[in-house]
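> This is what each chain is made of:
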Amino acid sequence: MYEKIAEELLNRLAKAITEYDADSASDLTIDLLSRGIDPKRIINDGLSKGIQEVSDKFNRLEVFLPHMIFAADAMQIAVHKIIESLPPDRKHEVILGKVVLGTVKGDIHDVGKNIFKTMLLATGFEVYDLGVDVPTEYFINRAEEIKADIIALSCLMTTCLIQLKEVIEDLVRLKIRNKYKVLVGGGAVTETFAHKVAADGYSLDAIAGAGLAKKILGKE
Amino acid sequence: MSLSFTEIVDRAINTGEKIEVKDFDMKVFRETERLKEKYSIKFNKENTINTNDDMADRLFLAGKEFYKKIGTYVMDSKRIIKFTEKEIDEALNEIPGIIWIGRGTDKRIMKHRGVGDQTLPIIQGGVIGGNATEEYYIPLYQSIAQEQLVDSIYFDPPHVIEGRAVMHGSPLEIHSARCAAMWAREAITRAGRPGMHLLGGAGSAVADISTCQEGIGIRPSDAICAHTTSELKIDYDSLNKIMHTLHYNCMRQVWWAPVIGGFAGGAEGSAITAVGGLFHGLLVGQGAKGSAYFDLQVTPYYKAGATDRLSLWILSIAGQAIARNTKAILQGTVTTSAGPGTKMMLYEIGASAISQVVSGMHIFGVRIQKPTKENHGTAMESKWVAEVSRAAVNINRNEGDAIVSKLLSNYEHNIKNAPEGGGFIELYDTKRLTPYEDYLRIYEEVRREIADMGLPIN
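Protein chains in written order, with my numbering: chain A, 2 to 221; chain B, 849 to 1306.
Derived from the structure by calculation, the hints contain no laboratory data.
Here the structure is a predicted model, which means the values were calculated and not measured.
Treat each hint with caution, since some may be false.
In silico DSS-like cross-links for lysine-lysine, where the CA-CA straight-line distance does not exceed 27 angstroms [unchecked claim]:
#1 Lys1264(B) / Lys215(A)
#2 Lys58(A) / Lys1218(B)
#3 Lys41(A) / Lys216(A)
#4 Lys1221(B) / Lys197(A)
#5 Lys1218(B) / Lys216(A)
#6 Lys955(B) / Lys166(A)
#7 Lys890(B) / Lys58(A)
#8 Lys92(A) / Lys220(A)
#9 Lys182(A) / Lys216(A)
#10 Lys197(A) / Lys1151(B)
#11 Lys917(B) / Lys955(B)
#12 Lys197(A) / Lys1264(B)
#13 Lys216(A) / Lys1264(B)
#14 Lys5(A) / Lys50(A)
#15 Lys1151(B) / Lys1264(B)
#16 Lys1218(B) / Lys182(A)
#17 Lys215(A) / Lys1151(B)
#18 Lys1221(B) / Lys166(A)
#19 Lys16(A) / Lys1264(B)
#20 Lys16(A) / Lys917(B)
#21 Lys893(B) / Lys166(A)
#22 Lys58(A) / Lys1264(B)
#23 Lys955(B) / Lys1137(B)
#24 Lys216(A) / Lys92(A)
#25 Lys58(A) / Lys893(B)
Take these sequences, add in the hints, and give me the full structure.
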């Protein structure tokens, strides 16, 4: 009986995400926590299930980027409730990692970056979006400040590709290269270029990129 | 009285309403969602080339209402440049509908084209974003210029100059851009077409402006690109280019590119944004002044060139909406998934060119969505797009749609795994500037196939 109620609540939580209903997602999460349901189960069987459904629809062009953002926002609010309920030493269990993200200096394109950000949030990452036209030192300073796991660099313009190299070169120069995984992507970036600048990962598109971020941190 | 560009820039810098970019993006989404219902805009995947005039006209009204409500977002100042209905209507009335590009015997008249118009479209060829290298720059562009059906050439600078990687906004970008302009001019001169109209896309404003020089670079009879970031965003860099072209008195290509699946939504929302972009081009891009032409691109967020059914429909209906309701001179960009030397790329070029020419557009292309190698393009694609476009003026939209359906059946299943093809070095004799036999054979085969499909290509 107890298990049946839990299952029903988890299904309703998944549905709340697919309906972008942040209030219901928050209430259901609190309810599930109060019933002693494991936070990881709330995420895997409720929130992630819902976001996966929205993500699948996004891939089929049945919904669009704003819908992904609405769903990811609802998920974030629910995840925040879970984090609040956990003791400090267990909070890391529900966050896959911290990502500092931005479009490199000279490049003002943000649609691809925004899709990637949304997919990261939906996957369970904490994302620090620095926007577009971001100077090298901003990426590094912010990553140091928040103790990031990943620095993700987006680039659409070929003449800005050199900025990817700049960030990685500065990380090496400052002797902090090993502290971060550097992911690169965007219209101008190719796998060959990613290898050339010794990035840790390259993704052809934003959706695959979120999976890569998980893989690279060993969180698959 | 016409609105001055100084007043528009003042709105961009000082007086426009301030708003965060994410709020602007969401406003774009909400408005396109609302307007697609209000004006009953509906994508039909079985009718890639739109044949519904009433829907094209409704789309025009939706695009106009959209732009009036949204305006153009200035990324540097976070302000919105907005216009009144009266200002928008005045700009619409001012469009001259005809401009002259190039010089001497290479001068071309570029006129507004209507839907089903038999006026030949202007073909602006080139290897767009194809990373032409210093070593092959002149032969590559000379080979394009020697294609007599190509009216004008687009060029962008090498990414490496004298062995050094070029960085956006740096002195090397200026050096690369100026060299590219000189080489492009030498290439057209060697081809015996020294007055041919050149369109430069150097990158940053400082680089583009540095190419503007009578004699060796961009002349007043040429143009530079003024970019728009999706959706309907501009930065000071692009405004600087526009201001400079007004002072220097050369032309501009003002382009915009709705992202399918992004903040404009799906097919219908992207089509509304595509038409909305025209008003941005007219007012912010100063297109109404008679010194600019417009270019509409479509960018699917997913892995595809702009040759899937969604993209072709957007290009077609947005082109028709603009062609039927304004005198604007509009190009459409031909963007492919596959690369040169493949049948698939030639099919894609055929489908895109037909869809756009019968819908009242001129042609800008060819651009590969994701170039992967140096010199990733040849003159053959420009020649092919010109041949198909010229033939397409002799067919109507229904006939065009039937041919495009047949072409789609040849490639749409491969869009996500399109072959990257070869580059100039693999596909052309770079000394004699002629295509190798293998590429010629593929071209001849596709030419016969498309003729069999009903395109009067001779």
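> Evaluate each hint against the coordinates.
Each hint, compared with the structure:
1. Lys1264(B) / Lys215(A): holds, 24 angstroms
2. Lys58(A) / Lys1218(B): holds, 25 angstroms
3. Lys41(A) / Lys216(A): With Cα atoms ~18 angstroms apart, Lys41(A) and Lys216(A) stay inside 27 angstroms; holds.
4. Lys1221(B) / Lys197(A): Given pair Lys1221(B), Lys197(A) holds - Cα atoms ~14 angstroms apart, limit 27 angstroms.
5. Lys1218(B) / Lys216(A): holds, 25 angstroms
6. Lys955(B) / Lys166(A): Not OK: Lys955(B) and Lys166(A) at ~44 angstroms, beyond 27 angstroms, violated.
7. Lys890(B) / Lys58(A): holds, 19 angstroms
8. Lys92(A) / Lys220(A): Holds, at roughly 15 angstroms.
9. Lys182(A) / Lys216(A): Within the cut-off at roughly 11 angstroms; holds.
10. Lys197(A) / Lys1151(B): Judged against 27 angstroms, a Cα distance of about 23 angstroms means the pair holds.
11. Lys917(B) / Lys955(B): violated, 39 angstroms
12. Lys197(A) / Lys1264(B): holds, 25 angstroms
13. Lys216(A) / Lys1264(B): This hinted pair holds, its Cα atoms lying about 23 angstroms apart.
14. Lys5(A) / Lys50(A): With a Cα-Cα distance of about 17 angstroms, the restraint between Lys5(A) and Lys50(A) holds, given a limit of 27 angstroms.
15. Lys1151(B) / Lys1264(B): Status holds; Cα separation ~6 angstroms.
16. Lys1218(B) / Lys182(A): Roughly 25 angstroms between the alpha carbons, so the hint for Lys1218(B) and Lys182(A) holds.
17. Lys215(A) / Lys1151(B): Within the cut-off at roughly 22 angstroms; holds.
18. Lys1221(B) / Lys166(A): Since the Cα atoms of Lys1221(B) and Lys166(A) sit roughly 19 angstroms apart, the hinted pair holds (cutoff 27 angstroms).
19. Lys16(A) / Lys1264(B): violated, 31 angstroms
20. Lys16(A) / Lys917(B): Given that 27 angstroms is the threshold and the Cα spacing comes to 34 angstroms, the pair is violated.
21. Lys893(B) / Lys166(A): Violated - the C-alpha atoms of Lys166(A) and Lys893(B) are around 43 angstroms apart, more than 27 angstroms.
22. Lys58(A) / Lys1264(B): holds, 18 angstroms
23. Lys955(B) / Lys1137(B): holds, 20 angstroms
24. Lys216(A) / Lys92(A): holds, 20 angstroms
25. Lys58(A) / Lys893(B): Holds. Lys58(A) to Lys893(B) sits at ~18 angstroms (cutoff 27 angstroms).
Going down the numbered hints, you'll see the structure goes against 6, 11, 19, 20 and 21, while the others check out.
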